[in-house]
Amino acid sequence: MTNLYTTLQKLCACPSVSGREERIREMLREMIAPFCDEVSVDNLGNLIAKKKGAKADGTKIMLCAHMDEIGFLVTFIEKNGLLRVAPIGGIKSVSAAFTEVISERGVAGVLVPNTKTKPEDLSTDKLYIDLGVKDQKSAERKVSVGDFFVLRGGVRRLAGRRICGRPIDDRIGCAVLLSVAERLSRTSLDGDVYYVFSAQEEVGGRGALPAAFAIRPDVSLCVDVTGTGDTPGADAMACSLGEGVAVKIKDSSLICHEEVVFELCRLAEENKIPYQREILLHGGTDASQMQLAGSGSRAGALSIPCRYIHSAVELCELGDAEACVALAEQFVLSIK
Amino acid sequence: MKRYDKDLTLLRELSLLFGPSGCEGEVADTIERALPSLCDSYTRDRMGNLIALIRTGDPEKKQRRKVMISAHMDEVGVMVSELCEDGLLRFDTVGGIDVSVLEGRKITLEGACGKISGVIASKAIHHKERKDRNKPTPMAKLFIDIGARDRAEAEGYVSVGSFGTFDSEFYRFGKDGAFVKGKALDDRMGCAAMISVMSSLMGDRPKADLDLYFCFTVREEIGLSGAKVVAQRIAPELAIVLESTAVADLPDTEDAKRVAELGAGGALSVMDRSTIYDRDFLAFARWIAEEQAIPVQLKKYVSGGNDAGSIHKSGVGVRTLALSVPTRYLHSPACVASVSDYHSVTRLVEAMLRSMTPVLP
Amino acid sequence: MNNSYESLAQEIVALSSVMSVSGYEARGMDEICRLLGKGFDRVETDAVGNCFLWKYCGRDGAPKILVDTHFDEIGMLVREILTDGFVRLVPIGGLSPSVLQAADVILYGKEAIRGVIVSTPPHLRSADENRLPDCEELLVDTGYPKEELEALLPIGSPVGFAPVYRELLSGRLAGKSFDNKACAAIAAHAISSVPKEKLAGDVVLMLSSYEETSRLGGASAGAFSCTPDYAMVIDVNLATVPDVPKVETVPLGGGLSISVSAATDLNLTRAVQALCKARGIAHTMIAAASSTGTNATSIQLVDGGIPTVDIGLPLRNMHTYNEVIDLSDAEALCSLVEAFVCDREIADRFCGREELPR
Numbered sequence: 004m005t006n007l008y009t010t011l012q013k014l015c016a017c018p019s020v021s022g023r024e025e026r027i028r029e030m031l032r033e034m035i036a037p038f039c040d041e042v043s044v045d046n047l048g049n050l051i052a053k054k055k056g057a058k059a060d061g062t063k064i065m066l067c068a069h070m071d072e073i074g075f076l077v078t079f080i081e082k083n084g085l086l087r088v089a090p091i092g093g094i095k096s097v098s099a100a101f102t103e104v105i106s107e108r109g110v111a112g113v114l115v116p117n118t119k120t121k122p123e124d125l126s127t128d129k130l131y132i133d134l135g136v137k138d139q140k141s142a143e144r145k146v147s148v149g150d151f152f153v154l155r156g157g158v159r160r161l162a163g164r165r166i167c168g169r170p171i172d173d174r175i176g177c178a179v180l181l182s183v184a185e186r187l188s189r190t191s192l193d194g195d196v197y198y199v200f201s202a203q204e205e206v207g208g209r210g211a212l213p214a215a216f217a218i219r220p221d222v223s224l225c226v227d228v229t230g231t232g233d234t235p236g237a238d239a240m241a242c243s244l245g246e247g248v249a250v251k252i253k254d255s256s257l258i259c260h261e262e263v264v265f266e267l268c269r270l271a272e273e274n275k276i277p278y279q280r281e282i283l284l285h286g287g288t289d290a291s292q293m294q295l296a297g298s299g300s301r302a303g304a305l306s307i308p309c310r311y312i313h314s315a316v317e318l319c320e321l322g323d324a325e326a327c328v329a330l331a332e333q334f335v336l337s338i339k
Numbered sequence: 087m088k089r090y091d092k093d094l095t096l097l098r099e100l101s102l103l104f105g106p107s108g109c110e111g112e113v114a115d116t117i118e119r120a121l122p123s124l125c126d127s128y129t130r131d132r133m134g135n136l137i138a139l140i141r142t143g144d145p146e147k148k149q150r151r152k153v154m155i156s157a158h159m160d161e162v163g164v165m166v167s168e169l170c171e172d173g174l175l176r177f178d179t180v181g182g183i184d185v186s187v188l189e190g191r192k193i194t195l196e197g198a199c200g201k202i203s204g205v206i207a208s209k210a211i212h213h214k215e216r217k218d219r220n221k222p223t224p225m226a227k228l229f230i231d232i233g234a235r236d237r238a239e240a241e242g243y244v245s246v247g248s249f250g251t252f253d254s255e256f257y258r259f260g261k262d263g264a265f266v267k268g269k270a271l272d273d274r275m276g277c278a279a280m281i282s283v284m285s286s287l288m289g290d291r292p293k294a295d296l297d298l299y300f301c302f303t304v305r306e307e308i309g310l311s312g313a314k315v316v317a318q319r320i321a322p323e324l325a326i327v328l329e330s331t332a333v334a335d336l337p338d339t340e341d342a343k344r345v346a347e348l349g350a351g352g353a354l355s356v357m358d359r360s361t362i363y364d365r366d367f368l369a370f371a372r373w374i375a376e377e378q379a380i381p382v383q384l385k386k387y388v389s390g391g392n393d394a395g396s397i398h399k400s401g402v403g404v405r406t407l408a409l410s411v412p413t414r415y416l417h418s419p420a421c422v423a424s425v426s427d428y429h430s431v432t433r434l435v436e437a438m439l440r441s442m443t444p445v446l447p
Numbered sequence: 004m005n006n007s008y009e010s011l012a013q014e015i016v017a018l019s020s021v022m023s024v025s026g027y028e029a030r031g032m033d034e035i036c037r038l039l040g041k042g043f044d045r046v047e048t049d050a051v052g053n054c055f056l057w058k059y060c061g062r063d064g065a066p067k068i069l070v071d072t073h074f075d076e077i078g079m080l081v082r083e084i085l086t087d088g089f090v091r092l093v094p095i096g097g098l099s100p101s102v103l104q105a106a107d108v109i110l111y112g113k114e115a116i117r118g119v120i121v122s123t124p125p126h127l128r129s130a131d132e133n134r135l136p137d138c139e140e141l142l143v144d145t146g147y148p149k150e151e152l153e154a155l156l157p158i159g160s161p162v163g164f165a166p167v168y169r170e171l172l173s174g175r176l177a178g179k180s181f182d183n184k185a186c187a188a189i190a191a192h193a194i195s196s197v198p199k200e201k202l203a204g205d206v207v208l209m210l211s212s213y214e215e216t217s218r219l220g221g222a223s224a225g226a227f228s229c230t231p232d233y234a235m236v237i238d239v240n241l242a243t244v245p246d247v248p249k250v251e252t253v254p255l256g257g258g259l260s261i262s263v264s265a266a267t268d269l270n271l272t273r274a275v276q277a278l279c280k281a282r283g284i285a286h287t288m289i290a291a292a293s294s295t296g297t298n299a300t301s302i303q304l305v306d307g308g309i310p311t312v313d314i315g316l317p318l319r320n321m322h323t324y325n326e327v328i329d330l331s332d333a334e335a336l337c338s339l340v341e342a343f344v345c346d347r348e349i350a351d352r353f354c355g356r357e358e359l360p361r
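In order, the protein sequence lines correspond to chains A, B and C.
For what it's worth, our numbering labels the leading residue of the first sequence as 4, then goes sequentially.
For what it's worth, our numbering labels the leading residue of the second sequence as 87, then goes sequentially.
For what it's worth, our numbering labels the leading residue of the third sequence as 4, then goes sequentially.
No lab work stands behind these hints, which were simulated from the structure alone.
Be a bit skeptical, because a hint or two may be false.
Below, in silico cross-link-like pairs of lysine to any residue (SDA-like), each with a Cα-Cα straight-line distance of 25 Å or less [stated by the list, open to error]:
{"#": "1", "chain 1": "B", "residue 1": "LYS209", "chain 2": "C", "residue 2": "LYS249"}
{"#": "2", "chain 1": "C", "residue 1": "LYS249", "chain 2": "C", "residue 2": "MET321"}
{"#": "3", "chain 1": "B", "residue 1": "LYS227", "chain 2": "B", "residue 2": "THR194"}
{"#": "4", "chain 1": "A", "residue 1": "LYS13", "chain 2": "A", "residue 2": "ARG32"}
{"#": "5", "chain 1": "B", "residue 1": "LYS343", "chain 2": "A", "residue 2": "ASP128"}
{"#": "6", "chain 1": "A", "residue 1": "LYS53", "chain 2": "A", "residue 2": "LYS275"}
{"#": "7", "chain 1": "A", "residue 1": "LYS339", "chain 2": "C", "residue 2": "GLU47"}
{"#": "8", "chain 1": "B", "residue 1": "LYS192", "chain 2": "B", "residue 2": "PHE265"}
{"#": "9", "chain 1": "A", "residue 1": "LYS145", "chain 2": "B", "residue 2": "LYS192"}
{"#": "10", "chain 1": "B", "residue 1": "LYS152", "chain 2": "A", "residue 2": "ASP45"}
{"#": "11", "chain 1": "A", "residue 1": "LYS13", "chain 2": "A", "residue 2": "GLU325"}
{"#": "12", "chain 1": "B", "residue 1": "LYS343", "chain 2": "A", "residue 2": "SER96"}
{"#": "13", "chain 1": "A", "residue 1": "LYS145", "chain 2": "B", "residue 2": "LYS201"}
{"#": "14", "chain 1": "C", "residue 1": "LYS249", "chain 2": "B", "residue 2": "PHE229"}
{"#": "15", "chain 1": "B", "residue 1": "LYS227", "chain 2": "C", "residue 2": "THR287"}
{"#": "16", "chain 1": "B", "residue 1": "LYS201", "chain 2": "C", "residue 2": "THR287"}
{"#": "17", "chain 1": "A", "residue 1": "LYS275", "chain 2": "C", "residue 2": "MET321"}
{"#": "18", "chain 1": "C", "residue 1": "LYS249", "chain 2": "B", "residue 2": "GLY233"}
{"#": "19", "chain 1": "A", "residue 1": "LYS129", "chain 2": "B", "residue 2": "LEU336"}
{"#": "20", "chain 1": "A", "residue 1": "LYS145", "chain 2": "B", "residue 2": "VAL246"}
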């Protein structure tokens, strides 16, 4: 079995902003192909891997993790060579300021705020990318308007089984899907299983919707990160790092199917998989898109608790991700 | 070089039509009358969208590429919400109109006896407190005056739910008539460009095996796009959305916020609030423009949204491109655009469709 | 109370009493079948929690008419179990903190238990403009020890207002979640009472899910699977209160409301208005310029487009446990639904759709 952390390291080293997921997609395509019967890419760039079921009328299940990450679009190049940018996805300007960034073509730079701005007034139109060039001309040799940047990726180990870096949101979900696919690759299941690595989640689930429309799953399960209530200033939330996989009940984009929630909790208890029940106040996932696409599906979601989401130091615990793999596997096996 | 709609007869006619979102019948009727000679076949669907098909290449070939080209027929407008005792009308906006361009305007309202004129009543400056003179009057204090002496008289002409639009002249201005001013240039310029392209394609059809669906859609301005319904039915692989985009190329604007420049060609979007555009399709458009020396520019700011937002997510997903005529004072009775940009957009659309092959660009 | 109102009133109260907080609509399914099932030919549910009640006209190739009334209600979920019997909540749908202080609720865990939402006494409130806590900060007092509560109330258990109803003067009713189960009960009553030969087509009453929480609502998926020719969406509408401009409300007791909107079908709207006039059904026309804020906006855009009309039942105190409706409005709505599902002229006009050009 492939090691989850090794996979994650590989995935996090690959920059891939929403709408420009080519690189990560190619990487994932190679990794998922051995465990599936068909792999395809749709018009919006979703990677869809299908494991055929034994029965034509078996229950169809769609597992989904998003492969894109938040980032920036270059909108303008100033005379002094600084780049003006627009955010892609839910960037928190305060946590993005003073970090290293890298373009899709590999150009390095740093993201800096207008230093006169107070932290509470910081917004993306007060952020610049400094490439270290002296003027507009030299900037234009490296970058054009319309290019994309992301915060520099990569993960490291901290104490125990905790790791830190980015974009753990949601490469860890991708790693979980790969792991589940590997474990189930030799098992014959009744229904088709689709592993979808979705595009453009960070801008509002724009990829998962058409993917779910094409697949028309009976049951859908999203794997993504969730916030925790165990850091200073966090919203009160009964969800902590290291307490196991989180079974989503609600976030701001959906309320999960009651039976799916019930079934996930039952399976976790039966198989002694550590889990917690999650209600997230602010934030949404692809699950909402899968729930309502076409004539709808029974939608649920598993989350990996993660601190400091969308910053350069996203922090989570590998044990929770392993619990997520185990529970997702049991869930797929339990579908009749 | 081909000259489309050279003297702007077409654009003028379309601009002056009455067509607020949800009430596009007059625009659709006018365009529909022209369609028989502009396409192979067409349909008006239940929502009021017009869908016209031009099939090119070998009609027997099964392997064809479906392309949707769309522009919306509707414009921002107003709706009567209450008939007051004194004959004045309360109203609400249909689509996003900045309240600052309403006060004092002429309005056309449609009612039981056809169209009537009205003005948006304003308190004279003499009655305004000094501190309020530079502020737009809030919606709650604006009324439409149709000249009725009381409610009973008003009821003979309009009712709650009557639609209205700006009543505004269409004219060219500037040196050599380089600019055009009118209401509803958003998106009648797109509609006019499509009509010109269709006419040109019918005269000299491309060789490739393509199904080109030219769609004149409804209700873009209220964000509930008819284009979504059309895209769901056609399920195209590619879509080109022809639009107007708001620009601020004004003297005191910071360079980074001008969005685009009038006269520098159509604006291609990389990203706006509703869509991240397809990379390859965008590259294809820029390549064709360069190849054929058609002016084009990239939108240099992330703002706005259009039908692409619902088209690209429709069905199993659609690879989408947005090409816009840069327009000043969008959603006002006096939109201003450059005639050369309008023509550049038209040329680029035709050039792209002529260069399309049955395989991916 | 007037006799003709009585059975309708009872049906409204019975259906509104069902707990159906968004996401938990399925828990009320047995009760729905018991209350409404016999008036219909088939009852089915889907993956999103929509319930479809079909009544067939018995003719082949007949038009399909959709009547949508959302069935979910606002409420809360259990978010965290605290000490001393207190429970933290998360609101479902748009709840106003100002009506939640010291409100009666029922927590639907492994069994239903009673609770009271806490209210901070005035002398402990901060001087900060007399500000009330946000819904996310509110607690319920349950009176159980923590350990027992943890066993009894899994996180995510729904919490609803207590179903206590009162009759007011002039045939008005007060109680919880007439939004939108009063409309569901009225529509069911109307459709059930029509002999099937009179129906203009096959009628499906969709009790839709997630209206209060999702922009699209479960109705979008539901309409996609039942593919109607045209639709009527019925939801409650804000009734007149003194301190809100008249133009934003509809009069209570003035009959149903018909929205004119850029977001719905103008022709169908006018046809329904004409129907009301012809039958002498009391109604108010309202302008909902760019959006109706109801399921009409999403149903309209499903698949190849579904012509939709938006109808409202006036209601006061929306999203509280004492919503007020007027039974004369309910009667008017009942008459309209009956007339609508029987109207062959509308059926002929709005049935079927044009082929795409070929």
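- Message: Let me make sure I understand: some of the numbered hints might not hold for this structure. Which ones are they, in numerical order?
- Response: Numbers 6, 9, 13, 17 and 20, in rising order.
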